[in-house]
Amino acid sequence: MTVDLFRSVEPQLEKDMIPAGILMILFWSTDLQAQSVSPPAEISVRLVDGTTSCSGTVEVFYRGEWLSLCSSWWRMMREIKVVCRELDCGNPVAESRGPLFEDGRRGVTLYSSCYGDESSIRQCDITGGPGFCDGEYYRHVTCSESVRLVDGAGLCSGRVEVKSNQSWASVCEADFDRQDAEVVCRDVGCGSPAALQGGLYGEGEGQTWDKEFQCKGNESLLLDCDTSDRKHNTCPPGNAVGLTCSEPDDVRLVGGGSRCAGGVERYYQGEWRIVGTEDWDQEDVAAVVCRQLGCGSTVSVLPGNTTRGFGVSCSGSESSLRECRRSDDLLPGFTVICSDLLVQPDIFLTDSMGGVFRGHQGPEMFRGYNFTITCSTQPQYPGGSFLLTFTGSNRTQTQPAVNHSAAFHFPAADDSHQGNYSCVYDNYVFSHNFSSESELLSLTITASPLPAFIIRHVVVLLTLLTAITTSSYLYYKPTRRQKRVNRVSSMDLDVNAMEMVSLSSRAEAGPGEERAAQGTE
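Residue 120 in our numbering sits at position 120 of the sequence shown; the count goes up by one each step and never skips.
In silico DSSO-like links for lysine-lysine, alpha-carbon gap of 27 Å or less:
no., residue 1, residue 2
1, K216, K163
2, K231, K211
3, K231, K163
4, K163, K211
5, K231, K216
Cβ pair distances, simulated, as ranges:
no., residue 1, residue 2, range
6, H432, D249, 21 to 31 Å
7, S431, Q344, 14 to 24 Å
8, S167, T51, 15 to 25 Å
Calculated from the structure, these hints are not laboratory results.
Beta carbons are placed, not taken as given, at the ideal position from N, Cα and C, and that holds for glycine.
The task is simple: from the sequences and hints, build the whole structure.
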């Protein structure tokens with residue numbers, strides 16, 4: 001009985017031991033997996049809570065934990081460029097600050113100095129550590145997801161590369177056009193395309209993109225464009241697409257009467273905000289602003305109003321303001337005056353005798369005819385003067401600008417007037433002399449088909465004849481119309497009289513005579 005009981009319990013014990021053994025194996029396997037997963041490298045970065053894998057709030061792995069980045073000074077696109085590269089994303093597109101940190105919340109403050117060409121933020125000069133982020137903000141980063149510009153002079157130029165199967169491939173020039181370039185420039189956060197040329201920024205080391213883009217030009221992202229199979233099997237050396245985009249239109253100068261003068265503002269997080277800087281940094285910031293706007297070099301920097309804006313600090317070599325360091329501190333605003341203050345004036349040729357015509361090389365004028373060269377400019381500033389220069393000789397003429405224009409008259413064209421003319425507009429504004437030169441007007445003097453004095457007399461006679469004819473027509477037209485009306489009225493009376501006579505005759509005659517008369521008719 002005891003033996004049977006033991007034998008009946010033994011199978012039950014075996015059943016109970018099998019799940020326990022499996023459970024031990026699972027725990028052991030899980031422990032091995034946990035030991036095989038290494039923690040992130042120190043000073044690694046990641047983006048969280050973003051719409052894509054290449055956008056979100058910046059977090060840094062520091063001393064065993066992920067901490068939000070809350071640096072007081074942020075070099076905008078330079079640090080972002082390194083972050084995007086480390087995460088294998090494309091170009092830096094935008095940066096912004098998130099909500100204010102809660103009091104006492106832990107974060108990491110990195111006083112980093114990146115040049116933008118590092119492969120990881122760990123290669124930057126970093127100091128700092130975990131602490132409290134009272135009074136500071138989150139940092140949000142947006143990188144382009146599928147396209148980037150590499151080996152360029154700034155953020156808006158370089159060789160076009162597209163992400164394909166977790167690797168970057170260059171694009172052949174034959175598979176890329178202007179509409180594709182417009183989408184790429186928009187995708188990487190830059191302005192419109194300025195230059196498109198194969199081999200402009202070298203050859204890529206990887207593969208060539210195996211599709212041809214079919215962009216319409218209005219897409220926001222390159223991934224939104226249609227693609228088709230390539231028409232060309234190979235891409236010859238020197239044909240990797242190099243693209244230069246204009247800088248983003250996120251900086252402006254206001255209140256100076258010109259796009260190249262005024263207080264500095266930057267479009268940031270949906271609104272135009274005043275840019276402020278320290279006194280010692282104004283010249284460098286002004287140089288970047290003038291460069292980004294295409295306004296030449298800095299002429300002067302003037303103190304702004306008492307309104308303060310978000311702080312910016314530049315080295316002076318950046319291509320745009322977004323590459324400079326930015327602070328959340330409010331600093332005094334300032335006014336920048338750039339050298340290309342005046343817009344380019346216009347120059348055009350007119351004549352009163354019909355002696356100018358369009359030739360293959362520009363306007364041509366018959367010899368002996370008078371002509372006028374007019375200089376004009378947009379109404380930016382009152383006053384100023386126009387200097388008409390002539391490359392055929394050392395002759396120059398100067399006239400004051402009246403209603404923003406000036407006319408230079410020439411009584412009779414001869415061979416000495418042939419050459420290139422230009423208008424130079426000069427004006428004294430903001431305690432400085434500024435000038436702007438027009439395009440060249442190339443004038444050719446040619447022989448007229450008839451002597452000039454004969455043509456003059458013919459033109460005068462034709463003008464007088466036209467005037468006399470017009471006057472006569474206007475004078476005699478009512479008289480002729482009245483005579484025509486009288487003549488028509490007289491004819492109507494004669495017809496009516498004849499009809500009355502005919503009816504009277506028929507009434508006096510008999511029926512037979514009436515029928516005979518009708519037969520005769």
